[in-house]
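Enquirer: Same order as they appear, the protein sequences are chains R and D.
If you count the first sequence from 1, position 54 lands on 54 in my numbering, and the numbers rise without skipping.
If you want my numbering, it's the 1-based position in the second sequence plus 116.
Keep in mind that the hints were calculated from the coordinates and are not lab data.
All figures in this text were calculated on a predicted structure; none of them were measured in a lab.
Do not rely on the hints blindly, as some may be mistaken.
To give an idea of the interface, some chain D residues facing chain R are shown, with a C-beta separation under 8 Å as derived from the structure [what the hints assert, rightly or not]:
| # | residue |
| --- | --- |
| 1 | GLY156 |
| 2 | MET157 |
| 3 | LEU159 |
| 4 | GLY174 |
| 5 | PHE206 |
| 6 | SER221 |
Note that the Cβ used here is the ideal one computed from N, Cα and C, for glycine as well.
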Amino acid sequence: AQTVTQSQPEMSVQEAETVTLSCTYDTSENNYYLFWYKQPPSRQMILVIRQEAYKQQNATENRFSVNFQKAAKSFSLKISDSQLGDTAMYFCAALISNFGNEKLTFGTGTRLTIIP
Amino acid sequence: NAGVTQTPKFRVLKTGQSMTLLCAQDMNHEYMYWYRQDPGMGLRLIHYSVGEGTTAKGEVPDGYNVSRLKKQNFLLGLESAAPSQTSVYFCASSDATNEKLFFGSGTQLSVL
Chain R
1 AQTVTQSQPE MSVQEAETVT LSCTYDTSEN NYYLFWYKQP PSRQMILVIR QEAYKQQNAT
61 ENRFSVNFQK AAKSFSLKIS DSQLGDTAMY FCAALISNFG NEKLTFGTGT RLTIIP
Chain D
117 NAGVTQTPKF RVLKTGQSMT LLCAQDMNHE YMYWYRQDPG MGLRLIHYSV GEGTTAKGEV
177 PDGYNVSRLK KQNFLLGLES AAPSQTSVYF CASSDATNEK LFFGSGTQLS VL
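Model the full assembly from the supplied sequences, consistent with the hints where possible.
Expert: Take a look at the structure:
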């Protein structure tokens with residue numbers, strides 16, 4: 001079974017600083033997709049960034065970027081110039097196809113607090 | 117600009133009662149999903165559907181049933197609620213399995 005592991009239950013950082021959230025996953029497949037979702041106190045799930053495993057270039061969305069290390073099965077999220085609105089739960093997720101059965105598996109989340 | 121709408125937003129049930137959660141999407145998406153979110157466990161897939169009239173089991177399907185009679189609606193049923201089903205339930209939809217999921221705002225369900 002595929003697994004996604006987020007080893008940091010909670011993190012906090014000062015406003016305007018940079019923070020990196022860790023995520024590792026387990027699969028023997030070559031083709032898959034990785035995602036970071038944000039869940040603010042409103043409970044709404046919001047897609048932050050998406051990475052295709054076949055692409056070597058790391059995905060970037062404004063202040064958000066990933067460090068995708070395929071051999072190490074690592075997919076960390078870097079938030080630059082952090083803002084108060086970045087305070088939220090962050091979930092890493094992996095979509096892995098196994099004999100036509102595709103399932104999006106989530107990690108347990110990292111609660112990020114931006115300190116004013 | 118509705119997207120994915122879940123009803124109800126909150127519900128309290130007694131053990132043994134039944135209820136149905138409704139998910140509606142207006143984006144003509146083929147794929148729809150039901151997840152539950154519990155503290156320290158992330159989101160876990162209950163059931164999903166790859167198109168109208170089809171359903172499939174996810175990671176934690178026991179105690180739940182689903183139906184997708186219309187493309188835009190995905191219903192999640194609890195026939196006999198148990199305290200272990202106390203959770204936040206999220207519905208999501210997507211155009212394809214590898215594309216972005218659009219989530220509803222969740223349903224907080226408490227079973228006493």
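Enquirer: Does each hint fit the structure? Answer for all of them.
Expert: Going down the list of hints, with the structure as the test:
At a threshold of 8 Å, the smallest CB-CB gap from D/GLY156 to chain R is about 6 Å, leaving the interface hint in force. For D/MET157, the interface hint holds, since its Cβ comes within 8 Å of a Cβ in chain R; the closest pair sits about 6 Å apart. With a cut of 8 Å, the hint placing D/LEU159 at the interface with chain R holds, because the nearest CB-to-CB distance is about 4 Å. At a threshold of 8 Å, the smallest CB-CB gap from D/GLY174 to chain R is about 7 Å, leaving the interface hint in force.
At its closest, the beta carbon of D/PHE206 sits 7 Å from a beta carbon of chain R; the interface hint therefore holds under the 8 Å criterion. Below 8 Å, beta-carbon pairs count as interface contacts, and D/SER221 has one with chain R at about 6 Å; its hint therefore holds.
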